[in-house]
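Start from the sequences, fold in the hints, and give me the full structure.
No gaps in the numbering here: position 144 of the sequence shown is 260 in the working numbering, and each next residue is one more.
Keep in mind that the hints were calculated from the coordinates and are not lab data. A quick note: this is a predicted structure, and the numbers were derived from the prediction, not measured. For every residue, glycine included, the Cβ atom is placed at its ideal position computed from N, Cα and C. Watch out, some of these pointers could steer you wrong.
Unchecked claim - Pair ranges (Cβ atoms, derived):
#, residue 1, residue 2, range
1, 232, 264, 27 to 33 Å
2, 270, 200, 18 to 24 Å
3, 262, 179, 14 to 20 Å
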Amino acid sequence: MDLSRITLRPFRLSDADDLLLWAGDDRVTRSIRWKTLASKEEALTFIGEVCIPHPWRRSICVDDLSKGFVSVFPGSGNERCRADIGYALAVEYWGQGITTEALKLAVPQVFKDFPEVLRLQAYAAAENIASQRVLEKAGFLKEGTLRKYSYLKGNLCDLVVYSFLSTDINPSV
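Here it is, written out as structure tokens:
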């Protein structure tokens with residue numbers, strides 16, 4: 117995959133068919149909190165009510181077609197110094213470096229868009245080794261395992277926490 121074909125952009129209603137292809141796949145949604153979408157109507161509603169109004173949710177695009185997402189959830193109050201970041205990608209693009217590239221594009225932009233955010237943190241299910249590798253390749257530092265930390269799709273699981281600080285960015289990025 118030529119990684120120069122990868123871009124991030126806000127979601128558009130015209131992404132509904134592409135979104136449904138990957139967000140309608142249980143293999144993609146099993147490791148995120150979204151429910152699996154079942155119809156174009158659900159995809160349109162999700163884009164219109166969740167993606168578009170979200171403070172920082174971007175479509176991971178290959179040749180401008182939506183193949184996944186990166187979302188950032190900034191903290192508030194005493195937690196305004198940090199934000200959570202999450203992502204998912206269509207199965208047919210797994211293992212090609214696309215999510216890593218998307219995170220490398222997202223991280224510096226997030227620190228520009230949210231100047232109070234000094235720390236991005238990500239959580240990966242302990243058994244999701246591929247997601248952990250994505251974070252490591254994107255420059256995130258593994259901080260540890262949070263045992264029996266959260267329910268995901270009804271199952272209590274261990275989460276591995278990773279961080280990327282604004283001071284971790286290479287000035288040449």
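Hint check for residue 264 and residue 232 - Cβ pair distance inside 27 to 33 Å
31 Å, holds
Distance restraint hint 18 to 24 Å, applied to the beta-carbon atoms of residue 270 and residue 200:
21 Å Cβ-Cβ, so the 18 to 24 Å window holds.
Could you see if the CB distance from residue 262 to residue 179 stays within 14 to 20 Å?
37 Å, violated
In this structure, only the earlier hint numbered 3 is contradicted, and the remaining ones agree with it.
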